[in-house]
Amino acid sequence: MVNPVFLIIAPLSLAFAIPLFGIISKKIIKFIPPIAFGFNLIVSLALIPHVLRNPIIVSIGGWSPPFCINLVAGPVGILFSAIIALGGLLVSVYAMDYMEKVAIEKYHILYILLLTGATGVVLTGDIFNLFVFFEILCISSYALVACSGNKQGIESAVKYLIQGSVGSSLMLIAIALLYGLFGTLNMADIARNINSVSSMELFVPLVLFITGLGVEAAIFPLNAWLPDAHSSAPAPVSAVLSGIAIEVGIYAVARIVFTVFGASSIFLFLALLGILTLIVGEMSAFAQNNIKRMLAYSSIGQIGLILFALGIGTFYGVSGGLFQIVSHSLAKTLLFLAAGYMIYRAGSMEISDFEGMGKKMPLTSLSFTIGVFSLIGLPPFAGFSSKFLIIYAGLAKQEIVFIVLIALVLFSTVIEGAYFFKLIQVLYFKGKSERVVVKDAPLSALLPMFALVAIITLIGIYPNAVINILNAGALELLNRVDYIRSVLG
Amino acid sequence: MDFLHNYIYYFGAFGLIFIGLYIILAKSNLIKVIIGLSIMETGVNLLLIAIGYIKGGTAPIFSRPEIKAVNMVDPVPQALVLTAIVIGVAVLALALSLAIRLYGHYGTLNLRMIREQKW
Chain W
0 MVNPVFLIIA
10 PLSLAFAIPL
20 FGIISKKIIK
30 FIPPIAFGFN
40 LIVSLALIPH
50 VLRNPIIVSI
60 GGWSPPFCIN
70 LVAGPVGILF
80 SAIIALGGLL
90 VSVYAMDYME
100 KVAIEKYHIL
110 YILLLTGATG
120 VVLTGDIFNL
130 FVFFEILCIS
140 SYALVACSGN
150 KQGIESAVKY
160 LIQGSVGSSL
170 MLIAIALLYG
180 LFGTLNMADI
190 ARNINSVSSM
200 ELFVPLVLFI
210 TGLGVEAAIF
220 PLNAWLPDAH
230 SSAPAPVSAV
240 LSGIAIEVGI
250 YAVARIVFTV
260 FGASSIFLFL
270 ALLGILTLIV
280 GEMSAFAQNN
290 IKRMLAYSSI
300 GQIGLILFAL
310 GIGTFYGVSG
320 GLFQIVSHSL
330 AKTLLFLAAG
340 YMIYRAGSME
350 ISDFEGMGKK
360 MPLTSLSFTI
370 GVFSLIGLPP
380 FAGFSSKFLI
390 IYAGLAKQEI
400 VFIVLIALVL
410 FSTVIEGAYF
420 FKLIQVLYFK
430 GKSERVVVKD
440 APLSALLPMF
450 ALVAIITLIG
460 IYPNAVINIL
470 NAGALELLNR
480 VDYIRSVLG
Chain P
0 MDFLHNYIYY
10 FGAFGLIFIG
20 LYIILAKSNL
30 IKVIIGLSIM
40 ETGVNLLLIA
50 IGYIKGGTAP
60 IFSRPEIKAV
70 NMVDPVPQAL
80 VLTAIVIGVA
90 VLALALSLAI
100 RLYGHYGTLN
110 LRMIREQKW
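Read top to bottom, the protein sequences are chains W and P. Each residue of the first sequence is one higher than the last, beginning at 0 in numbering that gives the first Met the number 0. Each residue of the second sequence is one higher than the last, beginning at 0 in numbering that gives the first Met the number 0.
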């Protein structure tokens, strides 16, 4: 068994070794990120059978958990680190040819750092390291949004940076208040003692945490940066920001609310916030003419759906939320990657310029269409199973408010279907029908897209492949006593 | 008077945080907004230090018997503040370099004038 700490050490050291490799040869730099995340993917998949039996607790420095920095590789952590490594591997293969023009060395360093920060967030067991890894993720994503250096990129990076750093400061205030109350930063230790403090004193840190993390997770009133940042970044960066970074934000919200605070009284609030985010995101996406902005708003909507599922707060709800994170991450990464080369060939982001793309770039368009079908929730793709599980969980709750909310979820799925089918219609059925020169995306881009299509279809046809780890993850989030016991012994 | 004496650092910390937040929300010059971010971070750091402060406290060194264990100061908040300061410096440097690039593109730092992208 490999120690989970290597999931952080290996990419981090490779990231800072990139300038050294650059001295030897500029050509080998682009092979470093696939190596780093290939390693992470193999380690994460190899650890899954172990964590399904027992969570792995790594204590750094040889002290016992409340006094040391520790990593908790439970089912949720390993599930997320596998998603991050898979996305990171495929997107870095795509970026080999796509990212030729920008400063390659800096791009690859920041890219690995972003995903290392994400892996750190999902594996760490104390709130201050959560903050530190979150800052690694955020700072590298501000820089990556700006890395193209054009007008839009710089403008959205500035917006993202201001909002993101206010969010981080709020989170640090919450950490300071919790430290003042409990004298410890270990999540399990705080969770064990949380009932010894009156709920009035916990309210302010909880609100600050949700607000601070909500900026990165793009929960409704805090998501003004997302459409700009995701649409003006280069395609591989949009793919990891949309497919991984915001999911990690949602993970952090879930970990704080479920495990640390055990705040079952705000689940309904989270569900309402999720529905609000979902409807606002989908309505705004419907009005867009720019394909990347449409995808970015659709990400906001999907984040709302995930938050709603977590807010249901039952076993099937949380499991469905985690499933939706998996299927959204795969589908949105695929959509941004496919859109990247379609925009490159069309020379524009306007949807009206994509007429006849289905004939000009048949393979890319096919991958894009499958991503769209999965996102809307058509069988037999992964999105169907996850949405089905969420709706089942909401109805099984048998409360009138949840039935109304489920109706709103279905309504927003209709909106989602409307704008995505409009896009598919432009791709295949609009424009002149004469034969044109076929020039599809290069192999290094088609390979990751087909891999994502295969995984989406596989999970859609056989959801039991992932349901074990999702159920174990839902149990880990809902059963805080087991989490505390496994960390503190 | 005693109340003020005990809580003066908390007042200072939250005062700085709110001053910083006000500058971020109200000012339109990017450099001023960045200064606001910096003030807010300073406030948060002061809050962390204030939580760990003990009057007349000593360092937690066990090997020297002349240091009494009674007034020992927990070193964790100070370690946190060191980390937070380093992170703050990184954000500040990135923000200022972005401000230079933004000025190069638009010829202004007034954020009200820069509205290429909106909802």
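Calculated from the structure, these hints are not laboratory results. Since the structure is predicted, the reported quantities are computational estimates derived from the model, not experimental observations. There's no promise every hint is true.
Claimed, not checked - Subject to a maximum C-alpha distance of 20 Å in a straight line, what follows is the list of computed PhoX-like cross-link-like pairs (lysine-lysine):
hint : chain 1 : residue 1 : chain 2 : residue 2
1    : W       : 429       : W       : 359
2    : W       : 438       : W       : 396
3    : P       : 26        : W       : 26
4    : W       : 396       : W       : 358
5    : P       : 54        : W       : 158
6    : W       : 429       : W       : 358
To be verified - Per the computed footprint, the stretches of chain W lying under chain P, defined by three or more beta-carbons under 8 Å from a beta-carbon of chain P, are:
hint : segment
7    : 138 to 144
8    : 209 to 217
9    : 350 to 358
10   : 377 to 386
As the list claims (entries may be wrong) - Some chain W residues near chain P, calculated using beta-carbon distances under 8 Å:
hint : residue
11   : 7
12   : 127
13   : 150
14   : 154
15   : 267
Glycine included, each C-beta is placed from N, C-alpha and C at the ideal position.
Run through the hints listed earlier and report the numbers of any the structure violates, in increasing order. 2, 3, 4, 5, 8, 9, 10, 11 and 15
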